[in-house]
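K.L.:
One letter stands for each residue in the lines below.
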Amino acid sequence: MRRGIATAAFVIAAMGLGRLITDHMPLTDAADKPFIQTGAVDETVALDYADVTVTGVHVTPTIMGNPASAAGGRWLVVDTEIVARQAPTVMAGFFLVDAQDRRWIASLRGPECVTSARLATGVRHYASICFDIPKQALDGARLMATRGPWDSHESTFRRDDVAQIDLGIKAAEVDALWAQKDAVNIRQSGPVAPDAPDAPDAPDAPEEARQ
Amino acid sequence: MAALLASAPFGGLAGPAASGPETISPGKPLMVGPYEVIIDKVVELPDLKPAVSPQPSQRVIVLDTRVTLTGDRPEYAVTLKDNVAVSGGGVKVDDNPGLYFVEDATAMSNFNPGLTYRLALTFTTSGPWQGDTVTVKSNLVEFREQDSATLDPNAWVSRDEVRGQGTFTLERRS
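Here the protein sequences line up with chains A and B, keeping their order.
The working numbering applies: residue 1 is where the first sequence begins, and numbers increase by one.
The working numbering applies: residue 1 is where the second sequence begins, and numbers increase by one.
Only chain B is shown next, with the shape it has when bound in the complex (with noise of 0.2 angstroms):
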């Protein structure tokens, strides 16, 4: 108990550090993983072909992103994709969402460090996006050394744990 007390101007009494997930804002840099993700804006549209070509009845939302590979090895587009999700919309999302270079359309499927793309994220909706903000969260994607139970090591591994989570306005284009 002394010593408990005793500690108490170095902190031995406070609480636990308030912890949370990072706030996500247009134009700052997120890390998923290995891969340092700037979303710019999110953006809903009926279709964006030729890459996504939704039914009628459905959208697209699009985060507009430039995204860089850190590190020193190449990694597949997965380990950004799977961590990447949208909701606030009252609609259905799919959780498979497409990666594709915005300049010619074509898509990404994995990457080699040091090259900075600009890259739209797609999240097809069952329909339009009701209200006029898109929560967007990543979950924390960790790197393993080395891991007993599996011959896996040396691998980024998705956690059940938001790393981040914002709030962006949505630019509607038809």
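One chain only, chain A, in its complex shape (with noise of 0.2 angstroms):
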């Protein structure tokens, strides 16, 4: 009988902890929700497996190569470098979050445009990643850079650090930049050659680029 009610009162309490537990705990969105490291144009944004930055911004209804290639809307060019910390790394969730908190993702359409990067560990790596975007996704847009690609539950990088980079553009440049008709050369992405002029290896880089 003693032990009847022991056992019993054990499953209440357990079961009351339980509720204080799901009560109190973030165990939905925020236990979900990623690491945000925010940075702007040539900042580096670190993060626990890599270092980002983006070295260049660019509007363009075209991208040229062979064939050239036509936005449906403009194509905004992110050209980025990325460093590999401690591990060989896949980065492929690069999309793009407006003023709005939309989110617009990569396209693969123009050449040597690219969705992910295979990052060697502490090698510099060159990535141009282009979204083809309507008009209202140029204000205030941002590059969101992770490992997990981005799905529309956004399930691929929980818990992961995500790097998030202000490109600059503000509502007031949106017009100008929507109007520029110059079509853009884009450079083969890949790891970055230790002689490139800017490398930190190369003899001539500067001082504080070899650091």
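No lab work stands behind these hints, which were simulated from the structure alone.
One or more hints might be untrue.
What the hints assert, rightly or not - Simulated crosslink set (SDA-like; lysine to any residue; CA at most 25 angstroms straight-line): (1) A:K181 <-> B:G114; (2) A:K135 <-> B:K49; (3) A:K181 <-> B:R66; (4) B:K81 <-> A:H153; (5) A:K181 <-> B:E103; (6) A:K135 <-> B:P34; (7) A:K135 <-> B:D104; (8) B:K81 <-> A:S152; (9) A:K181 <-> B:D104; (10) A:K135 <-> B:N110; (11) A:K135 <-> B:G71; (12) B:K49 <-> A:L108; (13) A:K181 <-> B:T116; (14) A:K170 <-> B:G114; (15) A:K135 <-> B:S109; (16) B:K81 <-> A:D151; (17) B:K49 <-> A:A87; (18) B:K81 <-> A:T115; (19) B:K49 <-> A:N66; (20) A:K135 <-> B:R118.
Join these two chains into a complex; the hints should help.
P.N.:
This is the structure in structure tokens:
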């Protein structure tokens, strides 16, 4: 009898504890959120697994190539340099978030445009990410860079580091950017050669770049 | 029984509403899940280089379309490609169609909302199409907010049900 009462009390206490946990612990949205590290163009954003730098931003109706690639809206081309910090890493999650918090994903249509970067440890890697977007996506656009590819649940980069880099596009600049007609040439993505003029190991690299 | 009779003036004794696939016709918008698709014409070609280069005995059926992603989030092209089919030519049709931007022949793998593209939806066939018409069908693709059986909420899901069907005159080009 006493044993039965003790068991029942234990079960009730366990259920109460479970309720307390589910009521007060962040088991849903908060627990799933990624860790956002912010930055701006030409600033290096340090993630657990890589350093990400946006080195250039272009808006154009056409990406040069054979054939040239026309945008449905405009191409927003984001040049990046990325370095894996401690282990070979694949970054497959590049997307935009605009001022209205809408998402826009990268395209493979433009020649040399990539949607992922396979990084060797410690080797600078250049990648141009191309977004075919409507006008309203330009205002306040931020590049999000992470390891898991974007999906509609945003589940592949939960609890992971994500770089959020402000591309510096203000609302007042959108009309002028949209009106630009010059085509853009995109550099081939891949490792940056050590003897590239601005590579850290290049003999003529600035002192601060070699540090 | 009395209640049923009383409801007769309001349709209580009427049969179920006639239902069936929506008619697809040239220039008429059709929804395939989140995509608004307008098929302007259907063309048979020996190839669509550089995008599609079949064997000499094969042909390519091209749906010349205008496609707009509605809604407010990006989507992948597979939701469109997997839910449109052609039939009626007496030949085997490859069930893995291609989707290409007409202007530069680049493949479309994903869409951002709010943009309209002229796209070629291509089906490689085992040989020349027999006859002068092509039947185009689209599946019903529904938005599923919750699914207790999976961890895949807020997804577009293809149902085994024809949503649209129409007959197009086939243009042949060499």
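K.L.:
Now tell me if each hint is right for this structure.
P.N.:
So, going through the hints one by one against the coordinates:
Using a Cα cut-off of 25 angstroms, the hinted pair K181 of chain A and G114 of chain B holds, with the two alpha carbons roughly 21 angstroms apart. Taking the CA atoms of K135 of chain A and K49 of chain B, the gap is about 32 angstroms. The hint is violated against a cut of 25 angstroms. With a C-alpha separation of about 24 angstroms, the suggested pairing of K181 of chain A with R66 of chain B holds against the 25 angstroms cut-off. The hinted pair formed by K81 of chain B and H153 of chain A meets the criterion: a straight-line CA distance of about 21 angstroms does not exceed 25 angstroms.
The hinted pair formed by K181 of chain A and E103 of chain B meets the criterion: a straight-line CA distance of about 17 angstroms does not exceed 25 angstroms. Our distance criterion of 25 angstroms between C-alpha atoms is met by K135 of chain A and P34 of chain B, whose separation comes to about 20 angstroms. About 22 angstroms separates the Cα atoms of K135 of chain A and D104 of chain B, which keeps this hinted pair within 25 angstroms; it holds. Between K81 of chain B and S152 of chain A the alpha-carbon distance is near 18 angstroms, which keeps this suggested pair within the 25 angstroms criterion.
Distance check on the hinted pair: K181 of chain A and D104 of chain B sit about 18 angstroms apart at the alpha-carbon level, within 25 angstroms; holds. The suggested pairing of K135 of chain A with N110 of chain B holds, with an alpha-carbon distance near 18 angstroms, which does not exceed 25 angstroms. In summary, the hint linking K135 of chain A to G71 of chain B is supported, as the alpha carbons are separated by about 16 angstroms, within the 25 angstroms threshold. In summary, the hint linking K49 of chain B to L108 of chain A is supported, as the alpha carbons are separated by about 19 angstroms, within the 25 angstroms threshold.
Annotation: proposed proximity of K181 of chain A to T116 of chain B holds, straight-line Cα distance about 19 angstroms (limit 25 angstroms). With a C-alpha separation of about 21 angstroms, the suggested pairing of K170 of chain A with G114 of chain B holds against the 25 angstroms cut-off. Note on K135 of chain A and S109 of chain B: the hinted pairing holds, with a Cα-Cα distance of about 21 angstroms set against a maximum of 25 angstroms. A threshold of 25 angstroms between alpha carbons decides the hint, and for K81 of chain B with D151 of chain A the separation of about 18 angstroms falls inside it, so the pair holds.
Only pairs whose Cα atoms come within 25 angstroms are accepted, and K49 of chain B paired with A87 of chain A is rejected, the gap being roughly 41 angstroms. With a C-alpha separation of about 21 angstroms, the suggested pair K81 of chain B and T115 of chain A falls inside the 25 angstroms cut-off, and the hint holds. Among the hinted pairs, K49 of chain B with N66 of chain A is consistent with the structure: their alpha-carbon atoms are about 13 angstroms apart, no more than 25 angstroms. Among the hinted pairs, K135 of chain A with R118 of chain B is consistent with the structure: their alpha-carbon atoms are about 19 angstroms apart, no more than 25 angstroms.
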